[in-house]
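Engineer: These are the residues of each chain, in order.
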Amino acid sequence: MTTMAKDPVCGMEVNREVASAQALTSDHDGDTYFFCGKGCKLDFDEEPARFFDPSYQPSM
Amino acid sequence: MTTETAAATEISLPVVGMTCASCVNRIERHLQRADGVAEANVNLATERATVRFDPSLIDRTGIVATIEAAGYDVGRDATDETTGDGAEAADEAERASERRELLTGAIVSLGVGVAMMAIMFAPGGPPWPMMDVNRWFIAPATIVQFVYGRRFLVAALRGARHGEANMNTLVAMGTLAAYGYSMVVTLMPDLLMAAGIGHETYFDSAAVIIGLILFGRWLEARAKGQAAGAVRALLKLRPDTARVLREGGEREVPVDQVVVGDLVRVRPGDRVPVDGIIIDGASAIDESMLTGESLPVEKAVGDRAIGATINASGSFVMRAERVGRDTALSQIVTLVERAQGSKAPIQRVADRVTGWFVPAVIGIATLTFVGWVVLGPEPTLTYGLTSAIAVLIIACPCAMGLATPTAIMVGTGKGAENGILIRDGGALEHAQRITTVVLDKTGTITRGEPAVTLVKPASGTDEPSLLRIVAAAERGSEHPLAEAIVRHADSAGIEAVEATTFEAVAGRGVRATVDGATVLVGTASFLADAGVDLAELAAIDVGDASPIFAARDGDPIGLIGLADTVKPASAAAIRRLQRAGLDVWMLTGDRRSTAEAIGGKVGIGPERILAEVMPADKAAKVEELQASGATVAMVGDGINDAPALAQADLGISIGTGADVALEASDITLVGDDLGAVPTAVRLSRATMRTIRQNLGWAFGYNILLIPVAAGLLFPLAGVLLNPALAAAAMALSSVSVVANSLRLRTFRAA
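Chains as they are written, first to last, in the numbering used here: chain A, 1 to 60; chain B, 61 to 810.
Just so you know, the hints here were simulated from the structure itself, not pulled from any lab data. Each residue gets a CB set at the ideal place from its N, CA and C atoms; glycine is no exception. Hints may contain errors.
[To be verified] Taking CB as the label site, the calculated pair distances span:
| no. | chain 1 | residue 1 | chain 2 | residue 2 | range |
| --- | --- | --- | --- | --- | --- |
| 1 | A | G30 | B | I600 | 31 to 39 Å |
| 2 | B | E563 | A | T25 | 47 to 55 Å |
| 3 | B | A344 | A | G30 | 36 to 44 Å |
| 4 | A | P48 | B | T573 | 30 to 38 Å |
| 5 | B | A584 | A | H28 | 48 to 56 Å |
| 6 | A | Q57 | B | E596 | 48 to 56 Å |
| 7 | B | G122 | A | G30 | 35 to 43 Å |
| 8 | B | E307 | A | G30 | 21 to 29 Å |
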């Protein structure tokens with residue numbers, strides 16, 4: 001397992017260990033997603049489907 | 061109602077926990093949705109939210125609640141920072157009050173003494189009858205003697221109870237003799253008149269003596285404060301808070317609440333709060349306060365970050381490994397404090413001398429008094445008393461007591477500023493006597509890790525493509541050689557590609573798929589066994605480097621040579637040691653040819669290279685050099701060199717701040733730069749020179765002036781030392797000793 005994961009909301013590379021330590025992770029459909037910060041996690045949790053839409057553009 | 065906006069108020073709040081543009085959007089979105097908010101601007105870089113709002117609809121609390129509802133915290137403003145360590149502040153306050161007390165005592169006592177002198181020695185004689193004047197003097201003289209001079213009496217009494225005589229004994233005896241005699245003259249004039257003694261009193265002398273010595277103590281206390289400044293400066297480097305990543309996000313906590321294993325975020329400009337390993341991100345860190353090295357050091361994942369250093373550029377997350385007393389900074393502070401409080405062997409000599417010096421002086425004073433009474437001119441008692449008091453005062457070995465500690469404090473403090481941690485005064489003394497310096501090779505003269513020194517593409521390939529393929533294949537490997545190759549490729553700006561498959565063959569090499577081709581990277585036999593023809597590559601002369609061969613789809617594409625490289629500062633440092641008259645040797649377990657190649661680069665001749673020495677035999681080699689008459693300093697990285705470091709007259713360990721191997725060495729260099737070795741030698745020489753000058757001044761002064769004070773010059777030249785003048789001269793000698801020590805503060809690392 002690589003140490004880095006992609007934040008599905010903002011597109012940033014996120015260190016899994018760092019995200020896990022802050023509970024910045026969400027489980028969705030059996031996969032764990034890692035986030036750079038609270039904003040992304042909260043956005044994701046509110047409406048996960050939005051970020052799996054292929055037309056979704058990360059905000060940075 | 062159309063153009064009228066409600067009275068708008070603006071506030072700016074610090075927001076904690078933002079990481080990216082999404083966070084900014086989210087907070088702005090939430091704020092703008094809130095009733096009463098006219099405009100919200102959130103800045104990721106400054107971590108602030110600026111909100112314009114209608115105070116009749118929403119207030120600060122409401123805005124904070126909105127931000128918190130969005131998932132973030134509002135931080136404290138920098139203005140309500142609290143100050144640091146209470147114990148330290150109390151300590152400093154106590155020292156400051158002690159200094160104030162000394163200075164007040166000095167000023168009052170000197171004022172009283174000088175006023176008395178002015179009256180007694182007024183031109184044309186005292187304006188009032190001496191008998192009256194004496195009586196007026198009783199009150200101020202008594203106050204000076206027993207209030208401001210109390211510390212000397214108490215200390216002398218305490219010493220006497222243990223059968224000890226020290227400088228306080230001298231001061232107490234001298235001033236009490238002057239005071240007591242004057243009281244008798246004042247209260248029982250008839251008694252002494254009958255013995256042919258006049259009305260002259262010595263209240264003024266006692267006051268001036270006490271004033272001057274208090275002044276000397278004040279100077280000493282001030283010097284101590286300044287010399288201890290290096291330690292306080294180090295302690296001030298410790299940040300108060302750390303940003304810890306815990307359940308629920310990033311939180312700013314007091315640094316003493318950080319525990320081992322915590323993940324801590326360090327942003328640009330922050331001080332690293334504790335010692336740890338970087339697990340995410342990269343940065344350049346300014347470690348100058350620990351190592352003296354002014355250039356920031358590049359750090360990436362896996363590197364160590366040391367508490368109190370300054371994060372200069374990037375943001376990173378580290379895992380806390382050492383906190384509280386275990387951090388490198390705390391260890392350094394402890395070490396410096398211990399050294400400053402320690403006594404050099406030369407100081408123990410000074411203490412022994414003081415031990416017999418004081419009784420001897422009391423003996424001489426008694427002899428002086430008796431001598432004057434028996435042999436001297438009239439009034440014998442006055443002459444005898446005056447001279448005996450002068451002897452007691454002049455001999456006060458205050459300056460002697462200051463000579464060593466002040467120099468050691470300034471010297472070790474100066475060392476700490478330059479990343480040179482001196483264990484104790486003994487280390488300084490050994491350091492200035494060394495004749496020979498033995499340097500470990502690996503990790504001391506050299507970096508101790510391989511670096512790419514040679515890139516040889518086979519015909520038909522060029523350097524960048526060779527590096528690109530090899531780095532891609534090696535990227536998954538944790539072998540030090542592989543890491544060195546990847547590092548080299550990255551710094552050469554080679555495009556990083558990932559291998560699609562990767563397999564490591566222990567001790568031989570790696571097999572990977574890069575760009576769809578099968579790539580082999582490893583030893584010659586690894587490739588030869590796979591049927592690669594290495595005839596062309598094997599003919600290349602790689603010198604001392606270890607060659608790593610590479611092939612793609614069975615065809616050789618080139619070799620990369622790796623070798624341990626010399627640290628940039630090593631050659632210059634060795635030249636400086638040699639110029640300082642030191643015999644410089646290299647000690648290594650490595651092959652002689654490799655050692656000589658390195659020796660050639662740094663200017664150590666083959667005759668001074670001890671190669672192929674097993675770690676266990678290193679101490680024996682040092683012992684051999686010592687047997688041949690050399691006083692040896694051993695410089696090593698403190699792990700396998702520990703026995704040799706202990707065997708040497710002076711053990712110097714070199715390494716990163718977090719790995720300070722304090723116990724086996726006398727001097728620890730915080731940086732890994734060999735340049736600190738000649739600086740350490742120079743500093744120790746300067747410090748010991750200062751101590752010798754100080755002792756010479758203090759002793760010489762006492763020895764020279766005692767006979768004068770006793771009146772030996774009187775029969776020859778009519779010269780007699782007035783007790784007050786003796787006290788002034790003595791205070792001046794204390795001042796010169798302290799000033800001479802403070803001169804060390806101008807010491808500069810070359």
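Engineer: Run every hint past the structure and note whether it holds.
Structural biologist: Quick rundown of the hints versus the structure:
Hint check: G30 (chain A) to I600 (chain B), Cβ distance near 54 Å, so the stated range 31 to 39 Å is violated. With their beta carbons about 31 Å apart, E563 (chain B) and T25 (chain A) fall outside the hinted range of 47 to 55 Å. Our hint of 36 to 44 Å for A344 (chain B) and G30 (chain A) holds, since their Cβ atoms are close to 41 Å apart. For the pair P48 (chain A) and T573 (chain B), the beta carbons lie near 35 Å from each other, so the given range of 30 to 38 Å is met.
Taking 48 to 56 Å as the suggested C-beta distance range, the pair A584 (chain B) and H28 (chain A) conforms, at roughly 51 Å. At roughly 51 Å, the beta carbons of Q57 (chain A) and E596 (chain B) sit within the given window of 48 to 56 Å. At roughly 40 Å, the beta carbons of G122 (chain B) and G30 (chain A) sit within the given window of 35 to 43 Å. A C-beta distance of roughly 23 Å is found between E307 (chain B) and G30 (chain A), which places it inside the suggested range of 21 to 29 Å.
Hint check: violations occur at hints 1, 2; the rest are consistent with the structure.
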